[in-house]
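S.K.: With the hints as a guide, bring the two chains together.
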Amino acid sequence: MPQLHDVDYTLEYPYTRTTGPIIGPFLTGLRDGRILGQRCGDRVLCPPMEFDPDTFATLESDLVEVGPGGEVVNWTWVAEPSAKHPFDRPFGFAFIKLDGADTALVHAVDTGGDPEAMSTGMRVRAQFRDERHGSVADVYFVPEADAADQVIEPGEEPVTITEHLIGLRINEPLYPHRARFAQGLLDGKIIGQRSPVTGKVYVPGRGYDNMSRVLMSESDEVEVSDVGTVVAFTELNPVQYYGQTETEPYVRCSILFDGTDQPVIGIDIRDMTVDEMRVGMRMRCIWRDPEERSVEDIDNRYGNIPETVYARFEPTGEPDIPADELKEHSW
Amino acid sequence: MAPRPCAVIGVGQTKYKRRRDDVTLDGLVREAALRALEDAGATFDDIDAIVIGKAPDALEGVMMPLLSLCDALGAIGKPIHRVHTAGSVGASTAISAVNLVESGMYDTVLTIAYEKQSEGNATWALSGGKSGGQGAGGTFAPWIRNYIARSQAPEHIGWMVAVKDRLNALKNPYAHLHLPDISVEKVRESPMLWDPLHFLESCPSSDGAAAVVLGNDDIAKKSGRPPAWVISHAKRTEFGQFPGRDTVRPQAGVECSEALYRKAGITNPREQIDCAELYVPFSWYEPMWLEGHLIAEEGEGWKMTDAGDTELGGSFPVNMSGGVLSSNPIGASGMIRCLEAANQVRGTAGEYQVPGAKISIGHAYGGAAQYYAMWMVSSELNPVF
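So the protein lines, in turn, are chains L and C.
The first sequence runs 1 to 331 under the numbering used here.
The second sequence runs 1 to 385 under the numbering used here.
Among the hints, erroneous ones may be present.
[To be verified] Facing chain C, according to a computed beta carbon distance under 8 Å, are these residues of chain L, among others:
1) 8
2) 12
3) 40
4) 237
5) 258
6) 302
7) 328
[As the list claims (entries may be wrong)] Distance condition first, Cα-Cα at most 27 Å in a straight line; then the derived DSS-like pairs of lysine-lysine:
8) C:130 x L:189
9) C:358 x C:186
10) L:97 x L:84
11) C:222 x C:78
12) L:327 x C:303
13) C:358 x C:222
14) C:221 x C:78
15) C:171 x L:84
16) C:17 x C:221
[As the list claims (entries may be wrong)] The calculated label-pair distances, taken between Cβ atoms and stated as ranges, are:
17) C:239 x L:112: 23 to 29 Å
18) L:155 x C:63: 27 to 33 Å
19) L:320 x C:185: 31 to 37 Å
20) C:19 x L:151: 55 to 61 Å
21) L:300 x C:38: 27 to 33 Å
22) C:19 x L:114: 45 to 51 Å
23) L:137 x C:239: 42 to 48 Å
24) C:22 x L:99: 30 to 36 Å
25) L:145 x C:22: 20 to 26 Å
26) L:167 x C:78: 32 to 38 Å
27) C:356 x L:39: 47 to 53 Å
By construction, these hints were calculated from the structure, which means they are not laboratory data.
Even glycine gets a Cβ: it sits at the ideal position worked out from N, Cα and C.
So here's chain C without its partners, still in its complex pose (with noise of 0.2 Å):
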């Protein structure tokens, strides 16, 4: 039986910050969650079931959380679940509540994502609470300095993207990072942190939550909203390491893309997709992903950051709301790189909208770039490449 057509009918946001110190963790989340409400035109009593995620407790150090997010999530009496894969669990979360919806078991889901760092502190989390952490910044330099070395990429590439996703945030008002002076000379000589990212080459740590309403395609159709069809996704795993493992182009990343275009049935992704919303937490995986996702071919990926195509204006657009760079509530931050594809296609992008966008991509990677998690949104249900 083929899969209920499913759409994303509303979304929101929270303002993006350092610290949200005026409401609680519940208060952040059912605050996305009521925008995204507002936005479908519904009220929790249209909701069959809810989908949450977010990175590792340890990161607030709130076990469970979804016991206490039942009351401000209208979750009583309603089915919850909870989904964790690390950094991609945003954009997993998302996709498991597609599922719901695909499967035909509910009509109308409410998924959200959030984080709430100021609470506690990722890098001692990731560290096992111990002394000499890396944190995901350190774990990644390495690889990234072998993509370097293995393209011969420039080394102002990482500063370059650095530079485009934060004046992109300048036309996004939930964006945490408004950095209106920011150069490539800023960037450069800012501290070096992880060799060779430099401070503003990283992403903040942000509180906030982003949530979606999905429907199926009556309900989608009753809305009135324009609708986001979800007409692919894509989640694949491999283990942090094993011998063999190629760190700069993991093979679950390659096989989640070829998974999310033979499905959507994307012959020449760089073409026909319009723009997309790629998880970069730190500058150099804008071209390290457009490789290892196969929208540039191997060893081409920073010459198209270099030509400016992944700029607001360019031929592939990337992070047109600023990205992890400028925004990174964890847990949230794959939701937001889905729900900011589905608001390019329906057009409700506001100041960074890619005038016409049809067809765009939200992606996340969690763990030791070993959890991946895409969906491809459309304006039409079924568009012909």
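If we strip away everything but chain L, and leave its shape as in the complex, we get (with noise of 0.2 Å):
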């Protein structure tokens, strides 16, 4: 089996919230050094809640000072901290109920690394970060003894919507099929595979047949033709958005490959305009150099034959198939 590049990339997005008539002063506050609670009946409710978590009822915007200082009601130590956490090195994520608070807010408190100088009952007090920016990590504890006295100036705006990069990171082996298909399209060939049950050809082929519900392997594999058949296609206008490098219009069709049964989607055509396609109508595979051809591409979702493996499709001038007979392969 051949062995090709893991699957490595960052899902990532920079999603944004509105922050609404409590949590946006309470994150204001945050960056003008002041923390808020929020007035819920007799009590004082910091993080602060919309709704009233006893009776559903919602809650006007009614927010109080509270802290700077307060008591850690519980907590636990982070020993190894990842990139993401507020602090790099060992610190403690505590409960913290803030002087005039009646209940905790969830907190990082930072001892210097050391786990012995935190515990149940003992005082802390906040301190702010030079860079705010209306964020719940614009500010920080420490044991109250460490604490240090600080002038904030507060900032104009109030916070109304935030921006947060969330990501997550997929890395994981190819999988054999889709490694096999890969190594094929390095060496100019497309592998399909084929149904121990029905004949029919997948391609590419995934690992199992989905109509029959059996696993397909190695075994049931075979070259397909890289001539083939248009059977749907249209012209993208790319969206802009977040990661999207296309900017220009650009063909995308679907081929039945002669001899398989299922077409493969997401062909793009850079060479022909939308107007000169059409359905039935035969293309050949054009291969790039093999020196050229990459498979970076492909992972265990997505990519089928990307562009980085062939130059171009290039019309047979064969007479087309009539749509009436691509019925059944309309993707």
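M.R.: Written as structure tokens, this is what we have:
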């Protein structure tokens, strides 16, 4: 089995959050060096909540300053912080009941890396970071004796929308059937899988026949023709989104390769316009030179026949296949 | 044992907008829920269970949103369920809530679906975060081209649907798009996004939530509000890709509508159903679903559109509220179809009411047109056809 690349990429997006009438002022307060709690009956909730947790009633914005001192009511220790933690040395996460509040805020306590300095009932005090953006990370806590007095310059505009780069790193081996398919492309071959039950040929294979519910393995693999028939197409005018690099319109089509029973979707055509394309048109893959082929874009979920293996698809000049005969291959 | 009869006794919607920047996601969802409770004459205390739905978590980047929504929806101490079937989720969610009442397990169930699209980007999410993503429009456009080729429909059909739904939306205060000067010319001349779909033939990106309160027959009779009896519902699924798949007329869609009509005793949907809210995010899906859900014969759906039959005053009005083409908080869009079908048979559809509507359907599809969810509502518990 060929040894190809591992899949390794980060799926991430700069999501925004609207902060609303209660969380917005709370975050604005943090930026301005103040911690605010929400009045709820005869209690003060910090962190503030939008809805009464007991009666579910809507709470009108009624914020009052709490802290900056408070008491640890429970805690745990983070011995090995990750890159996204608030400190690069070991620290505590604690429930902190701030002075004037009736509920506890979960936050980070910096004891200089010393777990012995943490205890239930200990007094802590808020410290504000030099750079503040209207985020819960604008503040952190230290043992009260270690706290420094701070002078905080308030900002101008209230915080109404916050931005957060939220991501998920995906790191996994290429599945064996995907690796063999990708290796085939490097060799200038299109590898499909023939169902041992129905004889139908899937390309690329999934490692199973979804209709007959049987596994398919290397012994079910067949090389298929690199000549086929266009069964569907459109011209994409690329939507501009985070991470999109396409800017100009181009044709994307599905091709049913000869001897297969399921079209390959997502084949991009750069040298023909939508008006030059036809359902039923016969096309041939013109491969890149072997040393120019790459399959880095193929992962376990995305990527069929990427442009990094072919130079273009060229009409063969044969007569079109009647569209009626392609009705059941319309993706 | 026969299922317990179930009715819509309250509905609530938010105003659909490009960005609701005045509320949190929780606040937005709650807004719809409170309006539905008010319409039902109920409070959170009357609710036995909650069912929520939304499209993929990647749309807003909030994982397991039901955790924080518990507070906003008064769910503490009660069962909460979350449903997920991509774009069809709003209708699947509503039907899942109906199942809970029909089973006899709960008397009154609150169901809510939502999306706050402005917090993320749907095309990014549907592209797996990679460049070159085609989004929903780019996926459906080739199938639409094949529909046009197969049915020999003239190109203006898509433009007509785009205009008709936006004109209907002018009568709906909750609709996102209010485009009073919309015209076939404007649609035709708007930028081409995914050939043959123009910008104005495509749904907007909306923030919003929709909620429905469902009750069993005892609750419905006591509520004093006009009920919409859920007399039939069906869900069907198929693979996104398999040899022999007809993407223009997916088999699961045909079978879903067959099951829906059979259970209700409908033998002639075109005549026996008064109006429909169909999931039409891109203009051409109106004729495609008229055919794919057996309201029109194969190849005849576009002729209904062309003849004006699907207009508000036509013989079979479709998307009286303005449809997905006018408001698209993705996860909620299917529930809005179900809710608006209920509005019609309750007689509460305001300016877009179909006079005397007694039987209506709400519909949604999702994924690569592979999930289907439909419900039929009636002003009477046991209508005679």
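S.K.: Evaluate the given range 27 to 33 Å for the C-beta pair formed by residue 155 (chain L) and residue 63 (chain C).
M.R.: Since the Cβ atoms of residue 155 (chain L) and residue 63 (chain C) sit about 30 Å apart, the hinted range of 27 to 33 Å holds.
S.K.: Honestly, do residue 19 (chain C) and residue 151 (chain L) meet the 55 to 61 Å range at C-beta?
M.R.: Because 36 Å falls outside the window, the suggested range is violated.
S.K.: Against the range 42 to 48 Å, how does the distance between the Cβ atoms of residue 137 (chain L) and residue 239 (chain C) compare: consistent or not?
M.R.: Once the Cβ atoms are compared, 44 Å apart, the range 42 to 48 Å for residue 239 (chain C) and residue 137 (chain L) holds.
S.K.: Has the hinted range 47 to 53 Å been met by the Cβ atoms of residue 356 (chain C) and residue 39 (chain L)?
M.R.: At roughly 52 Å between Cβ atoms, residue 39 (chain L) and residue 356 (chain C) fall inside 47 to 53 Å, so the hint holds.
S.K.: Could you grab the alpha-carbon distance between residue 171 (chain C) and residue 84 (chain L) and see if it respects the 27 Å cut-off?
M.R.: The given pair, whose Cα atoms are some 49 Å apart, is violated under the 27 Å limit.
S.K.: Minimum Cβ distance from residue 302 (chain L) to chain C below 8 Å?
M.R.: Check passed: Cβ of residue 302 (chain L) comes within 5 Å of chain C, closer than 8 Å.
S.K.: Between residue 145 (chain L) and residue 22 (chain C), is the Cβ distance one that fits in 20 to 26 Å?
M.R.: Since residue 145 (chain L) and residue 22 (chain C) have Cβ atoms about 43 Å apart, the given range 20 to 26 Å is violated.
S.K.: Are residue 17 (chain C) and residue 221 (chain C) close enough, with their CA atoms no more than 27 Å apart?
M.R.: violated, 35 Å
S.K.: Between residue 358 (chain C) and residue 186 (chain C), does the CA-CA distance stay at or below 27 Å?
M.R.: With Cα atoms ~35 Å apart, residue 358 (chain C) and residue 186 (chain C) exceed 27 Å; violated.
S.K.: With 8 Å as the cut and Cβ atoms as the points, is residue 12 (chain L) at the interface with chain C?
M.R.: holds, 7 Å
S.K.: When you take the CB atoms of residue 22 (chain C) and residue 99 (chain L), is the distance between them in 30 to 36 Å?
M.R.: holds, 32 Å
S.K.: Can you let me know if the beta-carbon spacing of residue 167 (chain L) and residue 78 (chain C) is within 32 to 38 Å?
M.R.: Check passed, 34 Å falls within 32 to 38 Å.
In this structure, the earlier hints numbered 1, 3, 5, 9, 15, 16, 17, 20, 21, 25 are contradicted, and the remaining ones agree with it.
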